[in-house]
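Protein sequence lines correspond, in order, to chains A and B. Going by my numbering, the first residue of the first sequence is number 1, and it counts up by one from there. Going by my numbering, the first residue of the second sequence is number 1001, and it counts up by one from there.
Source of the hints: derived by calculation from the structure; they are not laboratory data. Warning: the hint list may mix true and false statements.
With a straight-line Cα cutoff of 25 angstroms, these simulated SDA-like cross-link-like pairs (lysine to any residue) come out [claimed, not checked]: (1) K355/A with F1436/B; (2) K1355/B with G152/A; (3) K355/A with F1064/B; (4) K1355/B with Y153/A; (5) K23/A with F1436/B.
One-letter residues, chain by chain:
Number of protein chains: 2
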Amino acid sequence: MEVAIVGGGAAGMTAASRIKALKPEWNVRVFEASSYVSHAPCGIPYAIEFDFPTERLMYYKPEFFVKKRGIDVHLNSKVVKVKRGSLVVNENGEEKEYEWDKILIATGASPRVPPIDGVDLENVFTVDLPPIVDRIKRAVAEAENVVIVGAGYIGVEMAEAFSSIGKKVTLIGKYDYPLPKFDREIGEIVRREVEKRVDYKVEKVVAIEGKDKVERVITDKNEHRADVVILATGVKPNVELAEQIGAELGKSGAIKTNEFMETTVENVYAAGDCAECINLITGKPSWIPLAPTANKMGYVAGVNMSGQRLEFPGVVGSQITKFYDLEIGRTGLTEREAKAEGFNVKSAFIEAHTKVPYYPNPKRVYIKAVKDVDTNRILGAQIVGYEDVAMRVNVFALAIQAGFTTKDVFFSDLVYAPPFTPIWDPVIVTARVLRF
Amino acid sequence: MEVAIVGGGAAGMTAASRIKALKPEWNVRVFEASSYVSHAPCGIPYAIEFDFPTERLMYYKPEFFVKKRGIDVHLNSKVVKVKRGSLVVNENGEEKEYEWDKILIATGASPRVPPIDGVDLENVFTVDLPPIVDRIKRAVAEAENVVIVGAGYIGVEMAEAFSSIGKKVTLIGKYDYPLPKFDREIGEIVRREVEKRVDYKVEKVVAIEGKDKVERVITDKNEHRADVVILATGVKPNVELAEQIGAELGKSGAIKTNEFMETTVENVYAAGDCAECINLITGKPSWIPLAPTANKMGYVAGVNMSGQRLEFPGVVGSQITKFYDLEIGRTGLTEREAKAEGFNVKSAFIEAHTKVPYYPNPKRVYIKAVKDVDTNRILGAQIVGYEDVAMRVNVFALAIQAGFTTKDVFFSDLVYAPPFTPIWDPVIVTARVLRF
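Just chain A, same shape as in the assembly (with noise of 0.2 angstroms):
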């Protein structure tokens, strides 16, 4: 059996691996773009804030996946064309073909470029895929004045990148506080962290100028000498090659699957950031490109690829962040998409501190959670605090997984001791605030 993996990221690999664990005796090719597998692009940020070498972001070497897990690994591979039963590789220039019998796009997602004049001077980049990384290090050791266009997880996690490094960053954002993905009450404690540290601006970007490398970004209030620009307005699926091949796509325009991750095409599965999954809140197909989905979905391709049936749940959401010291996380629904949703919606926002009032040095937290009136059940939950989020985040989300009320989430069995938690974890008094 000919096996055909286009993308050697978090998905290709783990579906890769599966299958040779499972069928040892069947040819895997990957062809991966780039020099990297098993990458870690969500690691950018710290490899420039920390200094460490870019090859620390691959977590395998393609030669562990080649030597311990058999798996035939086409480096500098890039697929330009699929058809049935083959596809065409330009490898390091040469273009060859390979035939398949099965086959998974796991193509991940690009950087979305504004429509702007001047995004092609030197020193402006997007936040892609490891290689980047030297070349941003190189361009700002000499820079002075960093702008970011764009106030989402990258944007955010690159202004602290950079300012943590002494350069001034000026943040544009869209919307009035940052991560707009987030609701208002907790964008703003965002926004407030964000501006003890960068300039962050509420402007629309217009233009970006310079000779050859970049001098200013021109937005509709101002005019701010940049240095280095890192546009991080978005990221979008890379679907072509599913498209070639004649597999759907959903609402998302990312690539519509099944629960064993099989497009509409027989033979043709998709994973990773370029595919869909059911959320499990709406039960609605959405489009949320993260790692651990991004494996799990791979995990799931790759056994069923190999012929054994595993259906992937779908997902809540989940997602975390920092900016320095503030941690801010969600899973699940905000309230502006509850409602869009059509649910009938409570919601609750409390501060605490997370640890008894005795216990040295407890922080401030606060939780937005939203609930669906008609069944009580618990529909998302935002947090921002100075410690744990994390975890109060994931027990809201394996409350939603589950189904759970906000009574169920009253009387969830939380751990406590005064090190760790106050006796009534911030999560539980939530759950109260939202009454049951």
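Chain B: place on chain A using the hints.
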């Protein structure tokens, strides 16, 4: 309506507050034997370690309950007799009788004292209520050697406290690792950490000796110099008053209650460390005296005493402590307990890091988890590590509460970002190792 609440700890004050919130016109009397209400005995080790004023171990002062919540708080008031419809209190030396229509027994638990000679010597302490703190602090100020008898949670926490303020600590346990309610894989990691700081001895204490003050602890194998001795050999529920009025006890020796916190006697409720509640895994009554459960039992008792109906679903037994930087937690059943309950058990033990490999300063974590082979349900998890143990125990706690299988846990949508966790969270790795 006359309501009597015997005991002003977590359960008693929560119940009293609930009743006054729901029935402001009812007369709610709390009888507390000490001068503290709403106290935090779990903070005693930290009051010694960090030397803060003992009053801080009171969450709210008595005046708060009197003035803000309209509760009639009787301090230094030891209930000596409970009869049908009335009780007798020794209030500051004077006996008084009060009538009640409904009564809550919230008498808590007390330290067990081993049946050996010398337990009454000066500078031999049990760890009971906050007022003990000042006496221990005075005694230990001049002490060089502290011997702790008993290596459960309180023993280990007191060992940290005394060791951190520069005392030479001998911790004497019955079993070959401290915290014997954990399985061996976990206990041995705890033992190694404990032995870095204190002298851990597996010995049987046969006597405590000294002239007036304690001077030494005699065991079956050794004689240990001791200027201060802490007896931490477990606790027992305070059930005498419940027995007086005819309330049945459960197998554990604690007061039998139903899901409304009703005892077997009409209008007599029990809550907190003196009462049993349901273990959600076994479906059987259990006695796990811990503060969050006490609070919730008190809340439920208060609601039901007020004439509304609220069920306490039960607990999964989540617990946590730490010894210096090592965090130690569990939820559900250990392998030993699961086998004793008749489950067909498979267990997994994994070692992992708490962060992606490239992020600075990842810590080690060890997880042991147990599943029921017949249903694939997670039965329990024990975790030790240097970071985020509470987070992962809580994830398992929710999973167990929800009746999740290993597959459900594998697909749980936990947050990920490089500063927080590895892409495959150790919890998810554990579920994969347990198979589904």
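Hints, one by one, checked against the model:
1. K355/A with F1436/B: This hinted pair is violated, its Cα atoms lying about 36 angstroms apart.
2. K1355/B with G152/A: Satisfied, since the Cα-Cα distance of roughly 22 angstroms is no more than 25 angstroms.
3. K355/A with F1064/B: holds (21 angstroms)
4. K1355/B with Y153/A: Roughly 19 angstroms separates the two Cα atoms, so the pair holds.
5. K23/A with F1436/B: holds (19 angstroms)
Hint 1 from the earlier list is the only one contradicted by this structure; the remaining hints agree with it.
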